[in-house]
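Two chains, two separate frames, one set of hints: put the complex together.
Chain residues, written in single-letter form:
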Amino acid sequence: MTTEAPPKKEEPKKEEESFLSLFVHNLWSANTVTVTFLSILLALVIGAVLIVVSDSEVLATFSYFTARPSDALTASWDLISRAYADLFKGAIFDPAAVSAWFNGTGDWQTALNPLSETLTYAAPLVFTGLSVALAFRGGLFNIGGQGQAVIGCVTAGVAGFAIGLPAGLHLVVALAAGLIGGALWGFVPGLLKARTGAHEVITTIMLNYTATLFLGWLILQNGVQDPDRTDAISKTIDSTAGLPALPAPLRVHFGIVLAVLVTAGVAWLVNRSSFGFELRAVGVNPPAAKTAGMSVGRTYIMLMVVAGGLAGLGGATQVLGTADRLTDQVAGNIGFDGLLVALLGRNKPWGTLFAAILYGGLRAGGNLMQVDVGISLELVTVLQALIVIFIAAPALVKAIFQLRDARTARLGASMAKGW
Amino acid sequence: MRRFQLSGKSSQRSRSQEIPLRLELRGITKRFGDLVANDHIDITVEPGEVHALLGENGAGKSTLMNQLYGLLQPDEGEILVDGEPKVFRSPRDAIAAGIGMVHQHFMLVPVFTVAENIALGAEEVRGGPLGWLDRRRNKRDVLETSKRYGLPVDPDALVENLPVGAQQRVEIVKALTRDVDLLILDEPTAVLTPQETDELLAVMRSLADTGKSIVFITHKLREVKAIADRITVIRRGRTVGVATPDTSEDELAALMVGRDVSLEVTKTPADPGREVLKVSGLIVDDDRGVRAVDNVDLVVRSGEVLGIAGVQGNGQTELVEAIMGLRPPRAGAITLEEKSLAGRTTKQVLRAGVGYVPEDRSLDGVVKDFTVAENLVLDLYDRAPFGNGFKLNPKAIDESARERVTQFDIRTSSPQSTVGTLSGGNQQKVVVAREMSRPLKLLVASQPTRGVDVGSIEFIHNQIIHERDVGTAVLVVSSELDEVVGLADRIAVMYRGRILAVVSPDMPREEIGLLMAGVVTPEAEDTE
Numbered sequence: 001m002t003t004e005a006p007p008k009k010e011e012p013k014k015e016e017e018s019f020l021s022l023f024v025h026n027l028w029s030a031n032t033v034t035v036t037f038l039s040i041l042l043a044l045v046i047g048a049v050l051i052v053v054s055d056s057e058v059l060a061t062f063s064y065f066t067a068r069p070s071d072a073l074t075a076s077w078d079l080i081s082r083a084y085a086d087l088f089k090g091a092i093f094d095p096a097a098v099s100a101w102f103n104g105t106g107d108w109q110t111a112l113n114p115l116s117e118t119l120t121y122a123a124p125l126v127f128t129g130l131s132v133a134l135a136f137r138g139g140l141f142n143i144g145g146q147g148q149a150v151i152g153c154v155t156a157g158v159a160g161f162a163i164g165l166p167a168g169l170h171l172v173v174a175l176a177a178g179l180i181g182g183a184l185w186g187f188v189p190g191l192l193k194a195r196t197g198a199h200e201v202i203t204t205i206m207l208n209y210t211a212t213l214f215l216g217w218l219i220l221q222n223g224v225q226d227p228d229r230t231d232a233i234s235k236t237i238d239s240t241a242g243l244p245a246l247p248a249p250l251r252v253h254f255g256i257v258l259a260v261l262v263t264a265g266v267a268w269l270v271n272r273s274s275f276g277f278e279l280r281a282v283g284v285n286p287p288a289a290k291t292a293g294m295s296v297g298r299t300y301i302m303l304m305v306v307a308g309g310l311a312g313l314g315g316a317t318q319v320l321g322t323a324d325r326l327t328d329q330v331a332g333n334i335g336f337d338g339l340l341v342a343l344l345g346r347n348k349p350w351g352t353l354f355a356a357i358l359y360g361g362l363r364a365g366g367n368l369m370q371v372d373v374g375i376s377l378e379l380v381t382v383l384q385a386l387i388v389i390f391i392a393a394p395a396l397v398k399a400i401f402q403l404r405d406a407r408t409a410r411l412g413a414s415m416a417k418g419w
Numbered sequence: 001m002r003r004f005q006l007s008g009k010s011s012q013r014s015r016s017q018e019i020p021l022r023l024e025l026r027g028i029t030k031r032f033g034d035l036v037a038n039d040h041i042d043i044t045v046e047p048g049e050v051h052a053l054l055g056e057n058g059a060g061k062s063t064l065m066n067q068l069y070g071l072l073q074p075d076e077g078e079i080l081v082d083g084e085p086k087v088f089r090s091p092r093d094a095i096a097a098g099i100g101m102v103h104q105h106f107m108l109v110p111v112f113t114v115a116e117n118i119a120l121g122a123e124e125v126r127g128g129p130l131g132w133l134d135r136r137r138n139k140r141d142v143l144e145t146s147k148r149y150g151l152p153v154d155p156d157a158l159v160e161n162l163p164v165g166a167q168q169r170v171e172i173v174k175a176l177t178r179d180v181d182l183l184i185l186d187e188p189t190a191v192l193t194p195q196e197t198d199e200l201l202a203v204m205r206s207l208a209d210t211g212k213s214i215v216f217i218t219h220k221l222r223e224v225k226a227i228a229d230r231i232t233v234i235r236r237g238r239t240v241g242v243a244t245p246d247t248s249e250d251e252l253a254a255l256m257v258g259r260d261v262s263l264e265v266t267k268t269p270a271d272p273g274r275e276v277l278k279v280s281g282l283i284v285d286d287d288r289g290v291r292a293v294d295n296v297d298l299v300v301r302s303g304e305v306l307g308i309a310g311v312q313g314n315g316q317t318e319l320v321e322a323i324m325g326l327r328p329p330r331a332g333a334i335t336l337e338e339k340s341l342a343g344r345t346t347k348q349v350l351r352a353g354v355g356y357v358p359e360d361r362s363l364d365g366v367v368k369d370f371t372v373a374e375n376l377v378l379d380l381y382d383r384a385p386f387g388n389g390f391k392l393n394p395k396a397i398d399e400s401a402r403e404r405v406t407q408f409d410i411r412t413s414s415p416q417s418t419v420g421t422l423s424g425g426n427q428q429k430v431v432v433a434r435e436m437s438r439p440l441k442l443l444v445a446s447q448p449t450r451g452v453d454v455g456s457i458e459f460i461h462n463q464i465i466h467e468r469d470v471g472t473a474v475l476v477v478s479s480e481l482d483e484v485v486g487l488a489d490r491i492a493v494m495y496r497g498r499i500l501a502v503v504s505p506d507m508p509r510e511e512i513g514l515l516m517a518g519v520v521t522p523e524a525e526d527t528e
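These protein sequences, in sequence, are chains A and B. According to this note's numbering, the first sequence is numbered sequentially starting from 1. According to this note's numbering, the second sequence is numbered sequentially starting from 1.
What the hints contain is simulated information worked out from the structure, not anything from laboratory work. Being a predicted model, the structure only gives us computed values, none of them experimental. We put the CB at the ideal spot given by N, CA and C, even for glycine. Check before you lean on any hint, since a few could be wrong.
Partner residues aside, some chain A positions facing chain B, computed with beta carbon under 7 Å [claimed, not checked]:
| # | residue |
| --- | --- |
| 1 | S273 |
| 2 | S274 |
| 3 | F277 |
| 4 | V284 |
| 5 | N285 |
| 6 | P287 |
| 7 | A288 |
| 8 | T291 |
| 9 | A292 |
| 10 | G293 |
| 11 | G297 |
Only pairs whose alpha carbons sit at most 25 Å apart, straight line, appear in this in silico SDA-like list of lysine to any residue [stated by the list, open to error]:
| # | chain 1 | residue 1 | chain 2 | residue 2 |
| --- | --- | --- | --- | --- |
| 12 | A | K89 | A | I163 |
| 13 | B | K267 | B | V102 |
| 14 | B | K395 | A | N271 |
| 15 | B | K225 | B | V257 |
| 16 | B | K391 | A | V260 |
| 17 | B | K220 | B | V102 |
| 18 | B | K347 | A | N271 |
| 19 | B | K347 | B | D369 |
| 20 | B | K391 | A | S274 |
| 21 | B | K395 | A | A264 |
| 22 | B | K225 | B | R235 |
| 23 | A | K398 | B | F32 |
| 24 | B | K278 | B | K339 |
So here's chain B without its partners, still in its complex pose (with noise of 0.2 Å):
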């Protein structure tokens, strides 16, 4: 029987490896206040199974998986292991019951080794409780571990200094070492490679052949359809259809969303005029003084979206601010329409015509608080008609707010609702709403639909095109390389602070792959 020894080696369960584990949940719903988050979800993993949960942001993945992980209680309905409820009061209780989850956002020390990281919780002691810590003990457990499941890790490096992929083995292989039969990943491609991803699913696979069942939370269809052996689709906390990996994508996105979509971008060919941005040689310092922006030169003309594609923290978010002005450059030229935009204040580049949706729409693209009416005049509070300079026109504020509201198709009960109450992609409407409501010559988009559900999506998508078509330069960051893709009518590729290259979306997603981790194949260097 599966039980948890607290005293002594409390991570190793006297349970044979063999046994592989099946899990059910019945009838599970939470809900909190009005919100039904979930709503009498029934789920089935067999023992080996990789099984795919898809669902927008905000469906109820990660509710569901939340209680099945022992963080939040089901209000109704019954988990069940191996056909025997269990009732999870803690994560402990679920590592007990064989259940890991691996987070989206990494639980690690990132001061201490990777072997440090997988003992915190579950130390081997030597003497006793208030003994002394078996280092060695702890390094080989983890080269062991390590070793059985093909997941290279070093033990001693320290975990600050290893690539995000190398970050997310460490987090498996520390739910390994728990012995669990059934890991959860959440949304665990977000931050990798496109090589790195292909690895991950690897990893998932050949896990699941020695017995353990993976649910793998994702929302992109794509590593579903590579991976999964049983996807069940969740809309709005219900499950609304399980499907099997021949599903085509297009079906998966209709049963995620509950209408059709179009998953392509639909646009006519770019007629690129004048140059509008121009950046030539700039070098951009991040906040730790570590150079983030090398020595880079672009062109956007008017008419045309430039697409940087990159994996996340390759200099795009600094190459974005020290554009917007929140960043002072080291050194390079930025110029607009040319003229500088040395030394001009952000506001002074909004009003020179620059749109811009910020990467981290929570932090800084809305404030929650606001409403959406006051987020819709961020930028603009202080002009006609929205106010002179010293007082406000509330009525100017709301009017156009009601228009806009209707125009951006953003879901709100009211323009005064504070912002905080949207969904993610309603917010994300509202900031592209109101950088799109001036008159631009430039817009920036960073990450323009991180978190944002599939049906806002292709409403911003079309925004983006529409605003390119009408003869605005656009340029599009995005570390999803499918929404480059989609988008570019260029594409530059973003490694370790430089352009690697300025390719055609025409190249094969590969190559682009290979890019963005820093290989530079010859085909590559020939593109213009």
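Isolated chain A, as found in the complex (with noise of 0.2 Å):
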């Protein structure tokens, strides 16, 4: 080895790295596998003391704490020990369900159903944040995922009910015609970028919203519209384009099943195809890889069409497993959670699955916890958006829990210069 300099002075370059690189690059080399475990505990902590103030019973314990403390504490305990213990029952497994099962006095649907759960929700999440993580890797602000799985629902739903085929080549058609719709979808802000330098944040995010409007159009056409209904409502999807559940009485389809095959293969086109070496090279220095001879805007156009195809796929899952018909809610907000789940898994394609199934558990344990305690649905979408908060702030993370600083003062030492 060879003595060096500091980076800072070796490489006047890099004062030059866009905000957005520097900001990925502090994501990965900061945000440990520690740092996003220390997050999501971060938010359970913040998530109980928003429970216990969102709850007046216990509030009013809170007016005599002076004369009797316990009955603040104990209350406030109690609820966020009920709350906590029916968000991991929604979520995993409910002990005394799983008992029940085991001394036959309760059905193993009953003790399997909290996974259920958390798988039907993870599967669409998992496809939208691979999404949205390829093209991060390929330097891409992909804020299009809702779009694309809007028009992947659209697509793979019409499919569903507007051509009847046998079982298995009907589903295999659905799900290629959400592939295909959502790849359309993606298509354009990548020609429009390699074309013309159009920022794909603002043309993707300018085609959500005409993906969601032709969705609420197209649901009250002659032919698409149920013909029994006068609502916003679809025909229904074919049993043949169905995904298959696993098994029937549970609301988990084959769609989990799918979603890790294609993460595998995601994974495998990121570190192992030519495309992959292209995306990579693109996405951390388009110059050189354009002096080396590959085609930047080509590989833009590409990795649209690609992550397009994803975020088709997940809305495809979302109709053909989860719901049955299209609705203008039917794609939910699988887009936008997508963004949340690639930045949780910190854009690498089997983090974005585990982050996907984090989601998940906990919308399915958010329900529970909403019937049992009462505790509004709201309360897991600020704890999802805590842990993201945490983890896109890992300094902060760190300076909670005394960690030591790996590098993140990057963004400030650059600024230490001139007279």
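What follows is the structure, encoded as structure tokens:
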């Protein structure tokens, strides 16, 4: 090894790094697994405070806190522990139901239902998360996962009820329709970026609106709208095109298996394929990629097509697995949640898979929490948001837990020049 | 005593100019993690002395000066000004103590005038803290300083319109208006023409004569010998010797590198063959739409090195980019072995047998987050044996990387290390290894040894000459005249987008230098 000057002085180019690339760099180098776990922990702590504050009965015990602090503390503790216990029971398993199953007094459906719910919510998020993560690896901010997923819902859904095909083949065709629909919706911003330099953040956001409004219009049209209904809802998708449940009474469907397979495929694509090599090179250093003969524009287009296709597949999973018809809310928030899932998974395929499952778990557990303790489902959204905030600000988490700072100081260091 | 008045006339220290400053650095040590960038360095700068700090890139010169200028704090050791220990928390403290610095990359606002730039950070204000700028006074200060030290600057000129040499003068005047007594010049000649360099050396000498001390950071031996009173050589963070200007260049180089190096490129006379690259009537615009290459004709034959000499920014970059298909030309023809390269993509140009070492290594040459192995196949990742256009073949990539690492002496712990962890010289070897691993008809090397340590320079030069000797046509672009003269068999001098003359490398340096500044002498016109 040769002696090197400090990175700051040795590489004047560093100062010209965009904020985005610095952000990604910090995300990867500073955001260890530890920070991810601590972020989740911190979010739960703040969530606990919110749970207490939002419950009027418990809050009342605080009015005489100085007289009998034990009342307030006990009430708070009871509420928090019940809420979080529900979160766990709703997302993973309920010990009571599991022991009942083993004793023969309960059935297996009840015992496995929480996991089934978690994976049901997670499946579409895996796809939209992968869509964002892959685009990110190629240096693009795909905010359009939502629009691409909506179009995926539409094309898969329409293919699901408009054409009659034998079981199996019909499913494949419907999934392919979702994939192609999303891919087309990704192709447009990719093309605009490559040809005109139009920023993908702007174009994909606009296409999100376009997709949502298109869906709202489409489901009221003849041939799409359910003839027996007057509200905005489409015909029911043929059972031949539905993703089979695994196994029947549970909601979890084949989509999660597909999600794992696609995750493996994306991981292979990024690390082992020629296209992955191109997209990684373009993602971190477009000029060098161009100088080495790669076509940056073509890579952007391809990347957005693949990313759009992934999000479209997410939409297809949602409509063919979980929902059975199109409504204007059929895609929910899966595209935007995909952004957060990708961030939480640090833009790595397998990380994204686990992040999606975590999100699915929070959502499934949140449902039980709402029913059982009466805590609003919005708390789950707050928890998700808090986790992401802490992940995005690793320095904050490190400061709170007094971790040794790794390499997060560079944003400030490059400004210390001049007179 | 030295004291910095923060209120009022912040730039005027109440201290007489005549007290010269004596600087002493004792046992300065700076670590970055496991890396010791400065290891107990001792340096004394006497008043009125030009003290050269000589060392390769990455030897720790800049780290040392950043500590002296308050940008970094030493882990150990102390800085003494006139025998008094000082702690510099920021450049402000350093300036207050009488130390100024001119950075390698100028710290000027291009759209401000010279006077505004000089005032920036020490503005003359009238009417209290919320008052207005006293521009007239400011201008007068600039003119006064400029006159006192014989550094002509126009206070009203916009900095962006000034040539590089003049911008540097502005930086020096800026330092001097802050009443500094010790001026650090970080690689000041890197961007200058030979004539501008001579002027700068004269300015340094006259400043030293008025009692200012100068620390001159460089890796150019010629300049050190011309100007320095004393030379401190730093290698791998340590002081390895203090020399006088009488020391020969070879000895200084050996001190810098730690072994004997040959500064001369040894080569046999060229044996030029057929025309490989032919450029005719080429016109190229730069990013702003300004004509950068203006009707250039060039021929490079197999087995010869054509060097393009010129100060940076005279169209060399655009010329090379046009040849490589990275920038569309406005007009003109480029042919490779009589086949037109017009309209070809960069990939097609590369696959047609052109090797390209880009001038900006960290931006265009390597992908720093990629491994050495990946960087070595950045152009051939989709070709057998490294891949088939669909999937990569990691085994072949790794095997080939191991071979190249040995063959090109790339110092890395493993082919799987990221390139960003390598020294500049080794990064450049990665680029050179990649480009020379294909059968070439033409090699285009832009600034092939910029920011590269002396040891690697020798290696890269030998590789280029070796490529020539096997019959490749070589086009070398460099703003270092020594490099062009050393490598080239013919030299084309480029000035403001035109080739002013094609001369022999035996032509006296001064005349080539004049050509680089746009002065066409009768002798130069006669050549070829």
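Hints, verified against the model:
Using the Cβ-Cβ criterion of 7 Å, the hint placing S273 of chain A at the interface with chain B is satisfied: the shortest such distance is roughly 5 Å. About 5 Å separates the beta-carbon of S274 of chain A from the nearest beta-carbon of chain B, less than 7 Å, and the hint is met. Because the smallest distance between the Cβ of F277 of chain A and any Cβ of chain B comes to about 5 Å, under 7 Å, the interface hint for this residue holds. The closest approach between the C-beta of V284 of chain A and any C-beta of chain B is roughly 5 Å, which is under the 7 Å cut-off, so the hint is satisfied.
Interface hint at N285 of chain A: satisfied, since its Cβ lies 4 Å from the closest Cβ of chain B, which is below the 7 Å cut-off. Hint status for P287 of chain A: holds, given a least beta-carbon distance of 5 Å to chain B, under 7 Å. Hint on A288 of chain A holds. Least Cβ distance to chain B is approximately 5 Å, under the 7 Å limit. Interface hint status for T291 of chain A: upheld, as the beta-carbon distance to the closest one in chain B is roughly 4 Å, under 7 Å.
With 7 Å as the threshold, the beta carbon of A292 of chain A comes within range of chain B, its nearest partner Cβ sitting at about 4 Å, so the hint holds. For G293 of chain A, the interface hint holds, the least distance from its beta-carbon to any beta-carbon of chain B being 3 Å, beneath 7 Å. At its closest, the beta carbon of G297 of chain A sits 11 Å from a beta carbon of chain B; the interface hint therefore is violated under the 7 Å criterion. With a C-alpha separation of about 41 Å, the suggested pair K89 of chain A and I163 of chain A falls outside the 25 Å cut-off, and the hint is violated.
Between K267 of chain B and V102 of chain B the alpha-carbon distance is near 38 Å, which puts this suggested pair outside the 25 Å criterion. Proposed proximity of K395 of chain B and N271 of chain A is supported: the alpha carbons are some 13 Å apart, at most 25 Å. Taking the CA atoms of K225 of chain B and V257 of chain B, the gap is near 17 Å; set against the 25 Å cutoff, the hint holds. A C-alpha spacing of about 21 Å is found between K391 of chain B and V260 of chain A, which places the hinted pair at or below 25 Å, so the restraint holds.
Proposed proximity of K220 of chain B and V102 of chain B is supported: the alpha carbons are some 17 Å apart, at most 25 Å. In summary, the hint linking K347 of chain B to N271 of chain A is supported, as the alpha carbons are separated by about 22 Å, within the 25 Å threshold. A distance of roughly 22 Å separates the Cα atoms of K347 of chain B and D369 of chain B; the hinted pair therefore holds under the 25 Å criterion. Simply put, K391 of chain B and S274 of chain A have alpha-carbon atoms about 5 Å apart, close enough for the 25 Å limit, and the pair holds.
For the given pair, K395 of chain B sits about 21 Å from A264 of chain A by alpha-carbon distance, which is consistent with the 25 Å threshold. Restraint check for K225 of chain B and R235 of chain B: the C-alpha separation of about 18 Å stays at or below 25 Å, so the hint holds. Proposed proximity of K398 of chain A and F32 of chain B is supported: the alpha carbons are some 20 Å apart, at most 25 Å. Under the criterion of a C-alpha separation no larger than 25 Å, the hint pairing K278 of chain B with K339 of chain B is consistent with the structure, at around 10 Å.
In the structure shown, a violation is registered for the earlier hints numbered 11, 12 and 13, in ascending order.
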